[in-house]
Amino acid sequence: MNIATVFEIVLASVVLGLAIWTIAVAETYSATVGFVAYSLLVALIWVRLDAVDVALTEAAIGGGLGGVVLLGAAARLRDAEALTVEQASPIVRMSAAILSASITAALAFAILLLPDPAPTLAPTVVANAGATGMTNPVTNVLMAFRGMDTMLEKVVLLLAIVGVWSLASDRAWGGRPGPRHQADPNGVLAFLARLLPPAGIVVGVYILWTGADHPGGAFQGGAVLASMWLLVIMAGLADTPPVSSRWLRLILVAGPGLFLAIGLGGLWLGPAFLSYPAAFAKPLILGIEVAMILTIAATLGLLLAGAPERSSQ
Amino acid sequence: MSVARDIMTIAGVSVGAFFFLAGTVGLLRFPDTLTRLHALTKADNLGLGFVVLGLLPQSGSLRDGLKLISIWMLALLAGATVSQLIARMVRQSGTTR
Amino acid sequence: MTSGVTVFGLCAAAAVGLGLNGLMTSPQPLRKIIAFNLLGSGVFLLFGIVGRRGAAAGFGNDPVPQALVITGVVVAFSATALAIALLLRLLKTSGSTTLDDPAPTSPHSDPSGD
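Protein chains in written order, with the numbering used here: chain A, 624 to 936; chain B, 25 to 121; chain C, 159 to 272.
Computed spacing ranges between beta-carbons, pair by pair:
#1 ALA111(B) x ALA822(A): 21 to 31 Å
#2 TYR652(A) x ASP88(B): 36 to 46 Å
#3 LYS250(C) x LEU860(A): 21 to 31 Å
#4 GLY89(B) x VAL715(A): 56 to 66 Å
#5 GLN710(A) x SER83(B): 46 to 56 Å
#6 THR48(B) x TRP796(A): 43 to 53 Å
#7 ARG716(A) x SER94(B): 46 to 56 Å
No wet-lab data here; the hints were simulated from the structure. On a predicted model such as this, the values are computed, not experimentally measured, just so you know. From the three backbone atoms N, C-alpha and C, an ideal C-beta is built for every residue, glycine too.
The task is simple: from the sequences and hints, build the whole structure.
What follows is the structure, encoded as C-alpha cells:
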C-alpha cells in the first residue's frame, strides 16, 4: 500500500463521514454546511480520478454556487423549518433504511464486478480529435461529438429560469429578483467587490480560452463570472436588473440561439445537424462558447438571485 | 540541483502542513468565535503560503509559478475579507460564542 | 490505481444510499433537496469510476462520461435553484414549508396569490 492509496482511503472516509453528517444531523443549517464541505471534497476525488474538468465544475457550480443557494435558503427558512418536527412513522423509516441499504449493496457489488477490460470511448475521441483543432478531449465531446446534449442543456437552463421567474407574485411581475442589498459603501465587502472583479473576469475568460487545450471551458468560466456579478450585487454596488429588461433576455437566449443557428446551418449547408465544416470548426466552436459563457454567467447569477420580489419602478 | 529543489519542497510543504495542523487545532480548541477566527486565518494563510513556497521550485515555468503565487494572494484576500465580515457580525450581535 | 477507484466507488454507492434515505425520511423539504443533491453527486461519482476504469489512449479518464457529468452538474444546480424558489414561494404564500398540511388558517395565509 503506497502513500497515494492511504490518501485516497482517508479522503473517501472523510467524504463518507460528511455525507452521513449531512443526512443525520438535527439542524438544517448544519446539514447545509456539511453538504458544501462534502461537495468541495468530492471535487478532490474528481482530481484523483484524473477528471480535472469535472473537478472544476463540481467545485465552482456544485459546491460554490449550489452552496450559496442552499445556505441562502437555509438562512431564510430557519424559523419555518424548526416548526416542521413531525417524523415519518417507524415503519416508513425502517423500510426506507432497508431499501437504501440494499441499493447501496447492489451498487457496491456492481462496482466490484465491473467488466474487465472496461469499455471505453477514449480511442474514438482520440481518432476524431483532429476534426476540431482542439486538444482538450472533454471540450471536444461537449462542443462537437455530443454537441446536441450541451445545446439541450442550455435549453434546460432557460426553462429553469422561466420557472423561477414564474414564481413571482403579481405585484413583482417582471421586477427585480431578490432583496436590494445594502452594505457599508466604505466597508470591507464593498472594497472586495471593487478589487476582485477585474481579476475574476480575467480568470473567467482565461478558463474559457484555455478550455480548448487544457481543463476548463464555458461552464467553469461562466460560474466564475457569475460569482463576480453576485459579489457586486451583494455588496450593494449594483442592483439586479428587472427580468423584463430586453437586453437581459437577449443575453439569456444568445448561447442556445447561436448554437441552434449554427446547428441548423450544418443541416442546411453540410451533412447533418451540428456538423461543423472542418476548416471553420474551431472558430465556430469558440464563437458558440463566447455566447455561451455570457448566457451561463447571466443564467447562473439570476438562478441564484431567485424569483422577482420588487417591482422595477 | 534537483535534490536541492526537492529538499526545499519537502521543507516548505512540511512547515505549511504544520501551520494547517496548528490552525485546525486552534479552530477546534479555542473558546469563542474571535479567537477561533484568529487561529484559522493567521495559521491557514501562513500554511498555504509555505505550501506555495515549497511548490515553487517544482513549477516548470515562470507562468506556473506566477499562477501559484496568485492563488495564494486570492486566498489571502478572500480569507481576510471573510474573517472581517464574521468578526463584524460577532461584534454587532454582542455574543462572542 | 484500481484500489483507489474501488474505494471511491464504494463511497459513491454509500452516498447514493444515504441520499435516498434522507430523501424519503427527512420531514423538512430543504433537507430533501440536500439529500437529492447527495444522491445525484453519488451517481456522478459512479460515472467517474466507470470513466476512470475506461482510461485509454493516453487519457486518465474516458472523456465521454466526463462531459455527461459536467452537463449533469449544471442541470442538477438549475433544478436545485428551481426547487428552492418553489420552496421560498410556498413559505411566502402559506407561512410554512410543510408539504402535507395546507393550514388554511395560518396568519400569513394569503390566497390572493400575492
